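**Student:** Given chain A, work out where chain B should sit, using these hints.
Quick note, the sequences are listed as chains A and B, same order. The numbering of the first sequence is the working numbering, which starts it at 60 and goes up by one. The numbering of the second sequence is the working numbering, which starts it at 124 and goes up by one.
Where hints are given, some of them may not hold.
Stated by the list, open to error - Quick partial rundown of chain B residues pointing at chain A, CB under 8 Å, derived from the structure:
| no. | residue |
| --- | --- |
| 1 | VAL160 |
| 2 | PRO180 |
| 3 | SER196 |
| 4 | ASN207 |
| 5 | LEU294 |
Stated by the list, open to error - Below 27 Å or equal to it, Euclidean Cα-Cα: the simulated DSS-like pairs (lysine-lysine) are:
| no. | chain 1 | residue 1 | chain 2 | residue 2 |
| --- | --- | --- | --- | --- |
| 6 | B | LYS277 | A | LYS438 |
| 7 | B | LYS295 | A | LYS671 |
| 8 | A | LYS587 | B | LYS295 |
| 9 | A | LYS587 | B | LYS214 |
| 10 | A | LYS671 | B | LYS210 |
| 11 | B | LYS305 | A | LYS671 |
| 12 | B | LYS210 | A | LYS587 |
| 13 | B | LYS209 | A | LYS671 |
| 14 | A | LYS283 | A | LYS682 |
Everything labelled a hint here was simulated from the structure, so no lab data went into it. What you are looking at is a predicted structure, and each value in this text was computed from that prediction instead of being measured. Cβ coordinates follow ideal geometry from the N, Cα and C atoms, glycine included.
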Amino acid sequence: MTPLKKSLHFFLCLLWLCSLPTVQASETGPDYVLDMDIEDLMTVEVISVSKYGQLLKDAPAAVTIIDREQIRNSGMKELPELLRLAPGMQVIRDEAGNWFASARSLFFDANGKMLVMVDGRSVFSQDAGSVIWQNQSFFLEDIDRIEVIRGPGGTTWGYNAVYGIVNIISRPARETQGFLADTLVGSDGNLVLQSRFGGQIGENIFYRLFLGGSDRDQFENPNKEPVHDMLKKRTGGFRVDYSPTSATSFIVEGAVHRSTDDYPNSENRHKNHFLSTTLSHSLTSDIDLEFQGYYNRSSDIYYKTDFDQGFAVTIEDSTAEFHIDWRTAVNNRFMAGAGLKYSVFTPEDGFAVDFLNNREVWHFSNIFLSDEYALIPDKLWLTAGVKLEHNSRSDLDWQPNIRLLYKSCPAQSMWLALSRALKMPDYRDAATYVENYPAFDQNTGEIRDITVTWTGQPLKNEKFTAYEIGYRAQLTPVFSTDIAVYYNESTNVSSYGYVEPSPDIYSVFYRYDNTSSAYGSEISFTWKPEGPWSATAAYSYLANKISYSEENYTEKTCIHRLQFHVNHRISDNLILNGHLYWNSEESIGSTILPEYLRMDLGVQYRLTDSMKLSLTGQNLLKKTHREIDDSVNTFYNTEIPRTLLLNFTVNL
Amino acid sequence: MLASLARAKNYFLFILLSACLLATHLATSLHAQSSKVPEYYIKAAFMANFARLVEWPKHNRNTTNLSLCVMDSTVFGQALNSINGKKIHGKNLLVSTCNSKTDFDRIQILFLNSPDIKARKDLLARCREKPVLTIGESPGFAQNEGMINFYKAKNRIRFEINRKRAEKAGLKISSRLLKLAKIVSDSKQE
Chain A
60 MTPLKKSLHF
70 FLCLLWLCSL
80 PTVQASETGP
90 DYVLDMDIED
100 LMTVEVISVS
110 KYGQLLKDAP
120 AAVTIIDREQ
130 IRNSGMKELP
140 ELLRLAPGMQ
150 VIRDEAGNWF
160 ASARSLFFDA
170 NGKMLVMVDG
180 RSVFSQDAGS
190 VIWQNQSFFL
200 EDIDRIEVIR
210 GPGGTTWGYN
220 AVYGIVNIIS
230 RPARETQGFL
240 ADTLVGSDGN
250 LVLQSRFGGQ
260 IGENIFYRLF
270 LGGSDRDQFE
280 NPNKEPVHDM
290 LKKRTGGFRV
300 DYSPTSATSF
310 IVEGAVHRST
320 DDYPNSENRH
330 KNHFLSTTLS
340 HSLTSDIDLE
350 FQGYYNRSSD
360 IYYKTDFDQG
370 FAVTIEDSTA
380 EFHIDWRTAV
390 NNRFMAGAGL
400 KYSVFTPEDG
410 FAVDFLNNRE
420 VWHFSNIFLS
430 DEYALIPDKL
440 WLTAGVKLEH
450 NSRSDLDWQP
460 NIRLLYKSCP
470 AQSMWLALSR
480 ALKMPDYRDA
490 ATYVENYPAF
500 DQNTGEIRDI
510 TVTWTGQPLK
520 NEKFTAYEIG
530 YRAQLTPVFS
540 TDIAVYYNES
550 TNVSSYGYVE
560 PSPDIYSVFY
570 RYDNTSSAYG
580 SEISFTWKPE
590 GPWSATAAYS
600 YLANKISYSE
610 ENYTEKTCIH
620 RLQFHVNHRI
630 SDNLILNGHL
640 YWNSEESIGS
650 TILPEYLRMD
660 LGVQYRLTDS
670 MKLSLTGQNL
680 LKKTHREIDD
690 SVNTFYNTEI
700 PRTLLLNFTV
710 NL
Chain B
124 MLASLARAKN
134 YFLFILLSAC
144 LLATHLATSL
154 HAQSSKVPEY
164 YIKAAFMANF
174 ARLVEWPKHN
184 RNTTNLSLCV
194 MDSTVFGQAL
204 NSINGKKIHG
214 KNLLVSTCNS
224 KTDFDRIQIL
234 FLNSPDIKAR
244 KDLLARCREK
254 PVLTIGESPG
264 FAQNEGMINF
274 YKAKNRIRFE
284 INRKRAEKAG
294 LKISSRLLKL
304 AKIVSDSKQE
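Pulled out of the complex, with its shape left as it was, chain B reads as follows:
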């Protein structure tokens, strides 16, 4: 009858429970993992994708490397180490932190993740007229300062692109990337 089936089920359940607990106790380290991902991992992943979907002008092309420079690397955790060295169209993606010694003739992507507006404006002034893809994460960044801006919508990372500014600097953005972006233009007339 159902009784013996139930008993067998009980033993089965308990053995399985014990196995689970044993596995847990034996696991040497449990790392935080969840289906939601830390914000800067996604931003790092997006920037690696931007490197793939943007074309730099021939005369500036660094033949072996694609250089990504960030203002503040501490928020990224391990993410920057993981994208460092990634192969993009045969070149290596090299990640570094910006400082006063940075040579902007050798940088292809600049991530301005500092809340200090003056510091951002200083760096932007130094890459004016150079084909550097400028990325930020503050409201209005793509309208007023740079080319791509990250924002959050419904807990997901989205981005805006100021296409005109990028084209003026000599950068070509793939349609695959433009399709996913919100296109914005300069807030002041030019």
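For reference, chain A alone in the conformation it holds in the complex:
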């Protein structure tokens, strides 16, 4: 279908939107806040009576906010698990301590296309081309909220924000004062200890220090063999917030993190540390400036044994970003920014791997411009923006988007978006290296040494276009809904090809001539009546098609996901919750993601003002289940057990 026809369809939608009834706001308010914990009340934004501006929930994009109350009620204790709460997110646990997480995509396609940021810093690994969750530690008590945006955000966030963005925002130091200790014991062999201390210096400086560690036992495969996925993590860090005036704030954060699988015969270790400073200043009541600079150094050592130092990869990033948010007029908001990144990729040669370049330097630069104009004040907004981005290995390219938001009345809104995003190749794809290892020949049954050369050329960005439409409404005082529908198209989708110039010597190269397309939707309903009960339900659907041009082969897959959550506040101190998740089967080639139904139940009990306890049962329906299955290499098919988690928190 031509772009012209598509635009015509969007204009028709717009006409329909204008026919929506306008209903006057009434006086009934949000009674649910009257049941909230006092700590949560501190975070609620207020509007003075009868003034409605543009609310976060009215962003012209498919956004889900997972706030502190939802984090607590979910019973989840690992951040990637929490992402399941956002409809459209696909979360797959493939090891005791590792997950894939992506929005609106099949699992194998998620690499490099989901951007995850913590307080403005990207935690995306440009070596692996994805977020390695086992290399991250999160202190859930100190998280303010998780924003999950499904759909591309290339204009605002740049490269690799293709399928979505996850923004993890931590609480300001002012809110995390005093001493807090948190322990978690899981029957799946997980032990976590975290502590934090927050204090104040003078009137305007607030800080916190934290220290934590976790130890995970390995899981087993269907043959009851342990799969070597144990994980030990240690982390420590700090945050300082300095706000000399109400217009200026200065935040400094830093942390050190180590994770290792500590496996005696071939250990894998990851270390990283970062330092980040953010300066925000309101120049006038209409102009906000923000500058963030951060340094991050990650190093990974793979397959270290007593005899072999293994193979090490280090990435050092220095990033500087500047944003300006300027309300130039009552109905116009202009945003712009610029960014620079200097990144050094240092892969060392190892026992079986030889890199052509053991030090590669990447430069990144970008500028973005965006404008939001109220075509009809308080009713219709048009946002248009573009990000121009360049990196030292590929051409200057652009990521534009255009969005429309229509609010027929304060209680409902509809939005449309058209965006283009790019996925740039990761450092490993771009590097040239030779691998030498023994491989098993299934025909002859013998093991032979093979040599594989990976040439990082040609290098191209994958291009991605998304057409989205969404609707949000408070349908009745207790019932609200959020719906998003999308259609995505990708070109320059990469795949590997190889030639075999001599026996057992392979040369791999990249092709960018595949295409894929997908459409799907996410629908969620929330029920929040007066009283102690509340519930949510969400359904998401994805139909994906990928066409491999060289092999003249097309693969189609569709997946469904359904989830239900129920919350019951028995008293001020006792809360019960229940969750049900259903995933349909997904199969690509020899990998199958089996269908499963999961039920979690949780209890939270506040013992005293300073102590609380939570007991959660996860995966209660089956003794074990698998979320990913490789039908060829079956050894690593991890069985996830039924688990009981006991969590005790002291806050002095």
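**Tutor:** Quick look at chain B alone, frame taken from chain A:
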């Protein structure tokens, strides 16, 4: 090819759009709801929490009720009705409006939300020496007049507590509440 997939998607999109519009037209009443909350709902919610996190002296304890008295109830909308009758530590939170007949021996919490300084000072004089938690929302209230003052920072409601004044009146404030507050003291020496 992509064409038939696109066509199916189009029908799918339009059916979904129609369903949305139908739902909207069928909804009998649409109430204003937003992720931002009216200011006085939050203040009512905070006051219910204060009732939970403050201890009144034994000799004054109203055994069945915790009485909250406000100067101006009109700004609250439905919020006061919704907290009226809430169970706090086994007692009922009762909300009423202050007037000249109010017996301050039977009030535990007083919300002085009137811009009239003289009216506020009159009421405060009548609860002097009594264990009444006095709450206000004007600059300097906690320093000069009462015990807790609401203020706004970055569109969120915050509060200051004059701990000394509360303790002098015989009230004990939980550490959980103190931790969230900005602690202030009297602006004049005592």
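**Student:** Run every hint past the structure and note whether it holds.
**Tutor:** Against the structure, the hints come out as follows:
| no. | hint | verdict |
| --- | --- | --- |
| 1 | VAL160 | 5 Å, holds |
| 2 | PRO180 | 19 Å, violated |
| 3 | SER196 | 14 Å, violated |
| 4 | ASN207 | 11 Å, violated |
| 5 | LEU294 | 16 Å, violated |
| 6 | LYS277/B <-> LYS438/A | 24 Å, holds |
| 7 | LYS295/B <-> LYS671/A | 22 Å, holds |
| 8 | LYS587/A <-> LYS295/B | 34 Å, violated |
| 9 | LYS587/A <-> LYS214/B | 25 Å, holds |
| 10 | LYS671/A <-> LYS210/B | 21 Å, holds |
| 11 | LYS305/B <-> LYS671/A | 24 Å, holds |
| 12 | LYS210/B <-> LYS587/A | 20 Å, holds |
| 13 | LYS209/B <-> LYS671/A | 23 Å, holds |
| 14 | LYS283/A <-> LYS682/A | 13 Å, holds |
In this structure, the earlier hints numbered 2, 3, 4, 5, 8 are contradicted, and the remaining ones agree with it.
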